[in-house]
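Here are the chains, one letter per residue:
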Amino acid sequence: QKEVEQNSGPLSVPEGAIASLNCTYSDRGSQSFFWYRQYSGKSPELIMSIYSNGDKEDGRFTAQLNKASQYVSLLIRDSQPSDSATYLCAVKTGGSYIPTFGRGTSLIVHP
Amino acid sequence: DVKVTQSSRYLVKRTGEKVFLECVQDMDHENMFWYRQDPGLGLRLIYFSYDVKMKEKGDIPEGYSVSREKKERFSLILESASTNQTSMYLCASSPLGQGGETQYFGPGTRLLVL
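Chains as they are written, first to last, in the working numbering: chain A, 78 to 188; chain B, 18 to 131.
If you are wondering where the hints come from, they were derived from the structure by calculation, not from laboratory data.
Given the structure is predicted, the values throughout are model-derived calculations rather than measurements.
Careful: at least some of the hints might be erroneous.
A few chain B positions that, by computed beta-carbon distances, are all more than 10 Å from chain A [stated by the list, open to error]: (1) K87; (2) E96; (3) S99.
Here are the computed lysine-lysine pairs in the DSS-like style, where the Cα-Cα straight-line distance is at most 27 Å [said to hold, decoys possible]: (4) B:K35 / A:K119; (5) B:K88 / B:K20; (6) A:K79 / B:K74; (7) B:K88 / A:K119; (8) B:K72 / A:K79; (9) B:K72 / B:K87; (10) A:K119 / B:K30; (11) B:K74 / A:K119; (12) B:K88 / B:K74; (13) A:K119 / B:K20; (14) A:K133 / B:K20.
For every residue, glycine included, the Cβ atom is placed at its ideal position computed from N, Cα and C.
If we strip away everything but chain B, and leave its shape as in the complex, we get:
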């Protein structure tokens, strides 16, 4: 069974704090993704990575950065948290392939920025 885990289920932070969200997958997947999900807006891609130390911006990268030092681990960093970053954050992974591969999601982190 593919397992994607996220470091926290719920997180409360103050405006201006640096926030780290960590994601770990145990299936040796090459691709990893960070999304945020907000009511009425669906899933929006923040960043993705197709290899160690490689990253690509998604649709809404502003205010975020990522780090992938090891294949199994993909971290999302909020450099200076703001209230509009309150959201559900979802990590996903998928194997490298010809494009038909499924994404597997972690349980999500619900972040509240006060």
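For reference, chain A alone in the conformation it holds in the complex:
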């Protein structure tokens, strides 16, 4: 059984701070990793994907992957109230069509 674990939160951070969201996975064959953002009542939208160990930066977002320790994280710099949402981690093994989703972490950025 492939598992993707996330702390449900809520994670509360002040505006301007760095928010750190973590995700661990059980399948060592996992090769593709995705972070989605989901606002309340809306559908998930992709923020970032990462495939190799290390950091990947896109604007205020940085994804970090450590395959040896089986975790992937998302850092949000200069957090804004508009970043308040649930963040879903998704993991795929090579050649699979179907990602395994975590249950998401709720992030609250307060002014």
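Knowing the structure of chain A, use the given hints to seat chain B on it.
Positioned in the frame of chain A, the structure of chain B alone reads:
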């Protein structure tokens, strides 16, 4: 821009009714998926399809069926709606590839079964 559309944003049905949820994507994606999302349970895969007329059961197929007669369209059918099928239904699509492809989600249909 990838566009995945769903036929209804909100739907109210009676117990025992047959319910059709339709999903259309405009990016020529081979793979299409139906999920339901419930508080505390996350996204759960109902069915997916990797080609026209092909379908595979996901984690919770009971009480549902699907139809994919055309590449761009994937329908979810609740044969006899029950109150425990009240949920948010999300359709997604992704291209065929080596496994690193992103899923793109539709806006979702919030279904209430009375």
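Okay, the hints, checked on the actual structure:
{"no.": "1", "hint": "K87", "in the structure": "holds, 19 Å"}
{"no.": "2", "hint": "E96", "in the structure": "holds, 24 Å"}
{"no.": "3", "hint": "S99", "in the structure": "holds, 23 Å"}
{"no.": "4", "hint": "B:K35 / A:K119", "in the structure": "holds, 25 Å"}
{"no.": "5", "hint": "B:K88 / B:K20", "in the structure": "holds, 14 Å"}
{"no.": "6", "hint": "A:K79 / B:K74", "in the structure": "holds, 17 Å"}
{"no.": "7", "hint": "B:K88 / A:K119", "in the structure": "holds, 25 Å"}
{"no.": "8", "hint": "B:K72 / A:K79", "in the structure": "holds, 21 Å"}
{"no.": "9", "hint": "B:K72 / B:K87", "in the structure": "holds, 13 Å"}
{"no.": "10", "hint": "A:K119 / B:K30", "in the structure": "holds, 21 Å"}
{"no.": "11", "hint": "B:K74 / A:K119", "in the structure": "holds, 25 Å"}
{"no.": "12", "hint": "B:K88 / B:K74", "in the structure": "holds, 18 Å"}
{"no.": "13", "hint": "A:K119 / B:K20", "in the structure": "holds, 15 Å"}
{"no.": "14", "hint": "A:K133 / B:K20", "in the structure": "holds, 26 Å"}
In this structure, none of the earlier numbered hints is contradicted; all agree with it.
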